[in-house]
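With the hints as a guide, dock the two chains, each given alone in a separate frame, to form the complex.
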Amino acid sequence: ETGVTQSPTHLIKTRGQQVTLRCSSQSGHNTVSWYQQALGQGPQFIFQYYREEENGRGNFPPRFSGLQFPNYSSELNVNALELDDSALYLCASSPQGASYNEQFFGPGTRLTVL
Amino acid sequence: DQQVKQNSPSLSVQEGRISILNCDYTNSMFDYFLWYKKYPAEGPTFLISISSIKDKNEDGRFTVFLNKSAKHLSLHIVPSQPGDSAVYFCAASTTQGAQKLVFGQGTRLTINP
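Sequences listed follow chains A and B, in order.
If you count the first sequence from 1, you need to add 124 to reach this note's numbering.
If you count the second sequence from 1, you need to add 4 to reach this note's numbering.
Isolated chain B, as found in the complex (with noise of 0.2 angstroms):
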């Protein structure tokens, strides 16, 4: 049972434009929503979060949207730049217990110059 979907298995986006990178989830108990990105042979880097009481969160290019009703988030990057180049990976949480991070399967986004 996956509770955490990355339906996109890889992007592929002009260099400036945007990257929407989109997950969908199934627990109605999450309520803390992180992205992390991921480059070959080392682990994955925290890029930013979003709490479940708010519906966006900004950090520089990156966005995170979360809409609740549908059980859904996005992360916008703009505008892209080659060094997001990078496996990108949806997580959820629950603040009660312990922290445990269910991922999605992750996006592969690829920026061309």
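Extracted from the complex, chain A is given alone in its bound form (with noise of 0.2 angstroms):
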């Protein structure tokens, strides 16, 4: 069973340009949801995705936006990027209508903006 991977791992972009990062979920799971973690802090919840469509947003700029694709993989673009975007991005995937929540995340890409 594959887990759920992230690419880039590492990525450094300067201010004012766009970003696109992406997420393949684990194997059965048809839920992706992207977390953005500042340095010593905990994850914060973006949004998630469910049968392609946004299913749920954090308190994020419409300058962060998501896709999903029929076989569940997910991207996040972030436009008009600021330095404080700078954080590692994670991806976690879990499958919709389990009587619990536990969510399954990758590695994360950790995005550097100068």
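Because the hints were derived from the structure by calculation, they are not lab data.
Careful, some of the hints might be misleading.
Once the Cα atoms are required to be at most 20 angstroms apart in a straight line, the calculated SDA-like pairs of lysine to any residue come out as [as the list claims (entries may be wrong)]:
hint: 1; chain 1: B; residue 1: K41; chain 2: A; residue 2: G180
hint: 2; chain 1: B; residue 1: K9; chain 2: A; residue 2: G152
hint: 3; chain 1: B; residue 1: K9; chain 2: A; residue 2: Q168
Residues of chain B clear of chain A, computed beta-carbon distances all greater than 12 angstroms [said to hold, decoys possible]:
hint: 4; residue: P48
hint: 5; residue: V91
hint: 6; residue: S97
Some residues of chain A that are not near chain B, with every Cβ distance over 12 angstroms (derived) [unchecked claim]:
hint: 7; residue: T126
hint: 8; residue: T138
hint: 9; residue: T144
hint: 10; residue: Q161
hint: 11; residue: I170
hint: 12; residue: S189
hint: 13; residue: F193
hint: 14; residue: N195
hint: 15; residue: S197
hint: 16; residue: D208
Please read all numbers here as calculations on a predicted model, not as lab measurements.
Note that CB positions come from ideal geometry on N, CA and C, so glycine has one too.
Below, the structure is given as structure tokens:
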């Protein structure tokens, strides 16, 4: 069984640029969530996708957007990058409809904005 | 507004002794609680969870206790082992709507030989 994978591992961008991060769900999982983890903080929920539709969103501006594909993989796009966007971005997958809310995380993408 | 709080940024415990990690929450709508463990350069790994209809859940060396009236939960690790050294995150969610996890800030646990 393949776990959650993310690419790239590390990324350096400059302020104002755009970035796309990618995530492949764990096999059999049809729900994908994205989290931002700033240094020294816990992960913060950005949004969740289920059946290619956004299924919940945290307190992040519209320049954070996402996509989910028919194979349940997902992308996180961030436009007009700001210095504060520097963080570890985590993708998590889970089976929808389960009686539990356990989510399985990938290793993350470390984004640095200069 | 920090809905889930872990007030101890770090904890150091002797190998073989009990480790107790604490977590407080403010939102009464939370009905499911989880603990995750995170090693450097890896994503968080699910450890143990508890539903709000229970007050204790045990899995091997790990036990989670939930005190709903105090809005407090704790993770006990007995006996502590060097491999338990990691950052531990408490998370809370509601079983209604999106499976959104609200995390605490984390506690860095160090097990000393």
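Against the structure, the hints:
Taking the CA atoms of B/K41 and A/G180, the gap is about 25 angstroms. The hint is violated against a cut of 20 angstroms. Under the criterion of a C-alpha separation no larger than 20 angstroms, the hint pairing B/K9 with A/G152 is inconsistent with the structure, at around 32 angstroms. Distance hint between B/K9 and A/Q168 is fulfilled; the C-alpha atoms sit about 13 angstroms from each other, no more than 20 angstroms. The beta carbon of B/P48 sits about 5 angstroms from the closest Cβ of chain A, which is not more than 12 angstroms, so the claim that it is off the interface is violated.
At roughly 9 angstroms from the closest C-beta of chain A, the C-beta of B/V91 falls inside 12 angstroms, breaking its exclusion from the interface. The claim that B/S97 lies off the interface is violated: its Cβ sits roughly 4 angstroms from the closest Cβ of chain A, which falls inside the 12 angstroms cut-off. No Cβ of chain B approaches the Cβ of A/T126 within 12 angstroms, the least distance being about 14 angstroms, so the stated non-interface status holds. With a minimum CB-CB distance of about 24 angstroms to chain B, A/T138 clears the 12 angstroms threshold, and the non-interface call stands.
Every C-beta of chain B lies more than 12 angstroms from that of A/T144, the closest at about 19 angstroms, which supports listing it as non-interface. Distance check for A/Q161 against chain B: the nearest CB is about 8 angstroms away, which does not clear 12 angstroms, and the non-interface claim fails. Not every Cβ of chain B is farther than 12 angstroms from the Cβ of A/I170; the closest lies at roughly 10 angstroms, contradicting the non-interface assignment. Every CB of chain B is more than 12 angstroms from the CB of A/S189 (nearest about 16 angstroms), matching its label as outside the interface.
The Cβ of A/F193 lies farther than 12 angstroms from every Cβ of chain B, with a closest approach of about 19 angstroms, so its non-interface assignment holds. Non-interface status of A/N195 relative to chain B is upheld: no Cβ of that chain comes within 12 angstroms, the nearest being about 20 angstroms off. Every Cβ of chain B is farther than 12 angstroms from the Cβ of A/S197; the closest lies at roughly 16 angstroms, confirming the non-interface assignment. No Cβ of chain B approaches the Cβ of A/D208 within 12 angstroms, the least distance being about 17 angstroms, so the stated non-interface status holds.
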